[in-house]
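What follows is each chain in one-letter form.
Number of protein chains: 2
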Amino acid sequence: MDLELAKRLSQPNTTKIILCVLDGLGGLPRHETLRSEMEAAQITNLDRLAQRSEVGLTVPVGPGITPGSGPGHLALFGYDPYKFDIGRGVLEAVGIDFELGPDDVAARGNFCTLATDGTVSDRRAGRVATEESTRIVERLRTISIPGVEIFVEPVREHRFVLVLRAKGLGDRVSGTDPQKEDVPPLAARALDEESSGTADAVNAFITSATEMLRDEPQANGIMLRGFAKYPTLPQFTDTWGLRAAALAVYPMYRGLAKLAGMTALACPGGMEEQIQRVRDEWDNYDFFFLHYKKTDAAGEDGDFERKMQALQEFDAYVPALIELGADVLMIGGDHSTPALMAAHSWHPVPFLLHSSYCREGNARSFAEQECVRGSLGIFPAVDVMPLAMAHAMRLEKYGA
Amino acid sequence: MDLELAKRLSQPNTTKIILCVLDGLGGLPRHETLRSEMEAAQITNLDRLAQRSEVGLTVPVGPGITPGSGPGHLALFGYDPYKFDIGRGVLEAVGIDFELGPDDVAARGNFCTLATDGTVSDRRAGRVATEESTRIVERLRTISIPGVEIFVEPVREHRFVLVLRAKGLGDRVSGTDPQKEDVPPLAARALDEESSGTADAVNAFITSATEMLRDEPQANGIMLRGFAKYPTLPQFTDTWGLRAAALAVYPMYRGLAKLAGMTALACPGGMEEQIQRVRDEWDNYDFFFLHYKKTDAAGEDGDFERKMQALQEFDAYVPALIELGADVLMIGGDHSTPALMAAHSWHPVPFLLHSSYCREGNARSFAEQECVRGSLGIFPAVDVMPLAMAHAMRLEKYGA
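Protein chains in written order, with the numbering used here: chain A, 10 to 409; chain B, 10 to 409.
These are computed hints drawn from the structure, not numbers from a lab. One should not assume that every hint holds.
Identical copies carry no separate label here, and so any pair may be met within one copy or between two of them.
Claimed, not checked - Here are the simulated SDA-like pairs of lysine to any residue, each with C-alpha atoms no more than 25 Å apart in a straight line:
1) K267 to A175
2) K406 to T75
3) K406 to E190
4) K303 to Y407
5) K92 to D392
6) K92 to L396
7) K238 to E13
8) K92 to G71
9) K176 to K238
10) K92 to A399
11) K406 to Y259
12) K92 to P389
13) K25 to L349
14) K92 to D201
15) K25 to P389
16) K16 to P72
17) K16 to D94
18) K92 to L14
19) K406 to E309
20) K25 to T75
21) K406 to P389
22) K406 to G71
23) K92 to E13
24) K406 to R252
25) K176 to S217
26) K25 to L242
27) K406 to Q188
28) K267 to G110
29) K303 to L274
30) K406 to R133
Start from the sequences, fold in the hints, and give me the full structure.
Okay, here's the thing in structure tokens:
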């Protein structure tokens with residue numbers, strides 16, 4: 010649904026909506042058993058809920074497209090992931106809870122190893138340890154560029170974030186990573202007039218950094234890409250008329266929710282704390298986004314058993330989630346992360362929606378193959394929000 | 010399918026197509042039995058036909074969107090309901106069989122109650138009885154505005170239609186209903202230059218009406234909205250090469266069919282007469298649209314049993330419908346109207362298409378859950394016409 014239409018059709022109500030995102034939920038069957046993680050796990054609470062819900066499979070971005078966390082979540086929040094593209098620099102900053110302002114341009118940084126002739130000999134500086142790169146980041150913080158405030162923040166291993174802050178900086182700047190070795194890093198180039206000051210500042214920063222890091226054994230060079238400003242997305246409250254809260258352990262997901270205009274509530278304690286906070290904040294919000302990471306982490310590690318366990322661990326919280334008494338309870342995922350692939354994948358993701366207005370009874374359990382038979386079918390993740398709004402009786406009739 | 014492409018691919022044939030629209034066909038399961046109206050009804054003729062047809066579910070407008078009758082039907086007629094938006098004034102006029110001309114601007118009118126200070130104390134004038142409002146409409150007909158011909162027609166209870174007729178009237182005029190009480194009605198404002206004459210005439214009409222109705226106890230004020238001219242849609246014959254007839258009891262559905270360029274034939278006697286007229290007119294048309302209202306009426310009243318009966322009543326006509334011998338027989342709905350909700354809803358609508366070229370055998374019966382398993386899947390209602398044309402061997406190959 011076009012967001013302008015969403016805004017036009019949205020109407021106030023007192024109903025509550027919960028969206029639980031199990032990161033990397035979908036999986037693939039093991040060849041020996043022909044059962045996926047969801048099919049093999051003992052998730053009887055989810056199975057029972059699926060029997061009383063509308064189920065289907067969400068296509069996160071498009072057929073065959075493997076999404077990153079950004080598009081995977083934005084689609085579930087109702088944003089066309091082709092249209093709303095969040096720059097990598099912003100995602101990196103959001104992922105470490107850096108508060109980007111409207112005058113900031115963020116970039117993803119990589120430490121690299123430069124040979125004596127100035128060419129790149131290792132694009133990841135031997136995956137330098139996080140403690141090492143944190144120390145080097147401290148050194149880079151001493152660099153000053155006239156007229157531009159500089160922030161350098163460590164991320165993990167060879168990755169860091171650079172933020173330039175000054176009025177009027179454009180973000181259309183080309184990356185300096187040549188994407189191969191044995192050639193020198195590229196100079197940053199402005200891709201529009203507004204960004205020429207940014208490119209100059211970036212090149213000045215790189216020159217100072219290369220000078221300063223000359224004595225480092227591994228990480229003696231830097232490469233920057235994904236220059237981006239904090240995007241101004243249509244905000245959740247404005248589009249859907251929902252006061253929305255995000256409850257997530259990891260900053261990346263709180264950050265993505267903040268992009269959409271949700272209030273991010275940190276819940277370091279995990280699901281138990283997340284559910285308790287929903288209970289505490291029940292009257293203050295209409296929409297609650299809960300993020301569960303363990304399914305994706307196990308999938309990324311290629312650990313089928315641990316992904317099963319993560320599902321079972323979540324399953325134990327399902328009765329408490331139901332007891333919250335939301336008018337619409339949705340459980341889905343931002344993408345699949347099959348243990349078999351040890352990576353994100355393009356496969357559609359099991360999804361269930363429970364409300365008083367459901368065509369229930371299609372699925373016997375909550376898993377990939379059962380969801381194919383569901384009354385929601387296979388559908389774009391970007392349609393989740395309109396469906397939720399409809400089931401919450403928060404959308405007006407279209408046309409007379 | 011884009012209508013230009015439809016026109017390009019359409020080819021002549023002697024085949025016949027019947028589209029039966031059961032208004033508000035889709036439903037929801039009762040919580041006690043987990044069976045919907047269609048699942049609970051004894052509709053053995055429809056069930057048998059579904060077994061020999063391609064079945065699926067149509068999404069009338071978009072996921073989560075509850076359509077009015079206008080978009081619900083236009084989509085089935087092949088018009089993208091986002092693109093072809095029929096103004097409310099036109100729909101009201103069409104719904105009472107008022108023949109709108111090309112120079113007419115129609116508006117939906119509401120009688121309201123005004124307090125002595127001129128503010129709205131009841132936006133529906135206590136839902137004044139139809140006989141009362143018909144009497145008051147007679148009074149309003151005496152108002153004359155220089156240079157503009159005025160028509161006032163009663164609809165039902167507090168609703169009426171105002172039509173202004175004059176060359177060059179624009180229809181971009183803001184509504185006068187403030188959408189809340191305890192404030193005065195708004196003045197009509199022209200939203201473009203062409204509509205300034207319309208706004209002036211509307212305001213003059215309102216001033217005279219308010220003066221005239223001063224002595225009415227309930228309906229002493231009026232509010233107008235949904236100003237619209239009769240839209241010029243691409244016509245059925247031109248787009249699809251089909252001579253099309255509409256057979257409907259209610260003027261609203263004849264009117265919607267006329268918008269598409271169909272010839273509307275009144276059939277006050279209902280299905281028996283509708284089928285007889287198809288028989289009589291067989292050689293004169295290629296496409297027959299039959300409208301059946303009782304399913305929606307029962308659903309709107311929240312009467313599960315009566316909706317079952319309406320389905321059963323329709324089911325009895327299915328043998329006669331089949332006997333007509335159309336090359337393509339389709340049975341579907343413009344939207345769902347679950348008795349459980351006593352209102353239109355967004356849920357996809359069961360649909361069947363019977364022809365000599367069907368992948369049949371997916372569904373055991375004609376109902377919501379069975380249609381999920383059908384060979385048509387869940388698909389946009391706007392795709393019904395291209396499918397019908399294909400099964401009627403009336404679409405050329407695309408590309409070499």
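Tested hints:
no.: 1; hint: K267 to A175; in the structure: within (22 Å within a copy, 53 Å between copies)
no.: 2; hint: K406 to T75; in the structure: between (35 Å within a copy, 5 Å between copies)
no.: 3; hint: K406 to E190; in the structure: between (58 Å within a copy, 22 Å between copies)
no.: 4; hint: K303 to Y407; in the structure: between (40 Å within a copy, 22 Å between copies)
no.: 5; hint: K92 to D392; in the structure: both (15 Å within a copy, 19 Å between copies)
no.: 6; hint: K92 to L396; in the structure: both (20 Å within a copy, 21 Å between copies)
no.: 7; hint: K238 to E13; in the structure: both (23 Å within a copy, 24 Å between copies)
no.: 8; hint: K92 to G71; in the structure: both (13 Å within a copy, 19 Å between copies)
no.: 9; hint: K176 to K238; in the structure: within (12 Å within a copy, 49 Å between copies)
no.: 10; hint: K92 to A399; in the structure: both (23 Å within a copy, 21 Å between copies)
no.: 11; hint: K406 to Y259; in the structure: between (38 Å within a copy, 21 Å between copies)
no.: 12; hint: K92 to P389; in the structure: both (14 Å within a copy, 21 Å between copies)
no.: 13; hint: K25 to L349; in the structure: between (37 Å within a copy, 20 Å between copies)
no.: 14; hint: K92 to D201; in the structure: within (20 Å within a copy, 31 Å between copies)
no.: 15; hint: K25 to P389; in the structure: within (23 Å within a copy, 29 Å between copies)
no.: 16; hint: K16 to P72; in the structure: between (28 Å within a copy, 15 Å between copies)
no.: 17; hint: K16 to D94; in the structure: both (21 Å within a copy, 17 Å between copies)
no.: 18; hint: K92 to L14; in the structure: both (16 Å within a copy, 12 Å between copies)
no.: 19; hint: K406 to E309; in the structure: between (43 Å within a copy, 14 Å between copies)
no.: 20; hint: K25 to T75; in the structure: between (31 Å within a copy, 20 Å between copies)
no.: 21; hint: K406 to P389; in the structure: both (22 Å within a copy, 17 Å between copies)
no.: 22; hint: K406 to G71; in the structure: between (28 Å within a copy, 12 Å between copies)
no.: 23; hint: K92 to E13; in the structure: both (14 Å within a copy, 14 Å between copies)
no.: 24; hint: K406 to R252; in the structure: within (22 Å within a copy, 32 Å between copies)
no.: 25; hint: K176 to S217; in the structure: within (22 Å within a copy, 58 Å between copies)
no.: 26; hint: K25 to L242; in the structure: within (23 Å within a copy, 41 Å between copies)
no.: 27; hint: K406 to Q188; in the structure: between (51 Å within a copy, 16 Å between copies)
no.: 28; hint: K267 to G110; in the structure: within (13 Å within a copy, 52 Å between copies)
no.: 29; hint: K303 to L274; in the structure: within (19 Å within a copy, 51 Å between copies)
no.: 30; hint: K406 to R133; in the structure: between (54 Å within a copy, 19 Å between copies)
Checked against the numbered hints above, the structure breaks none of them.
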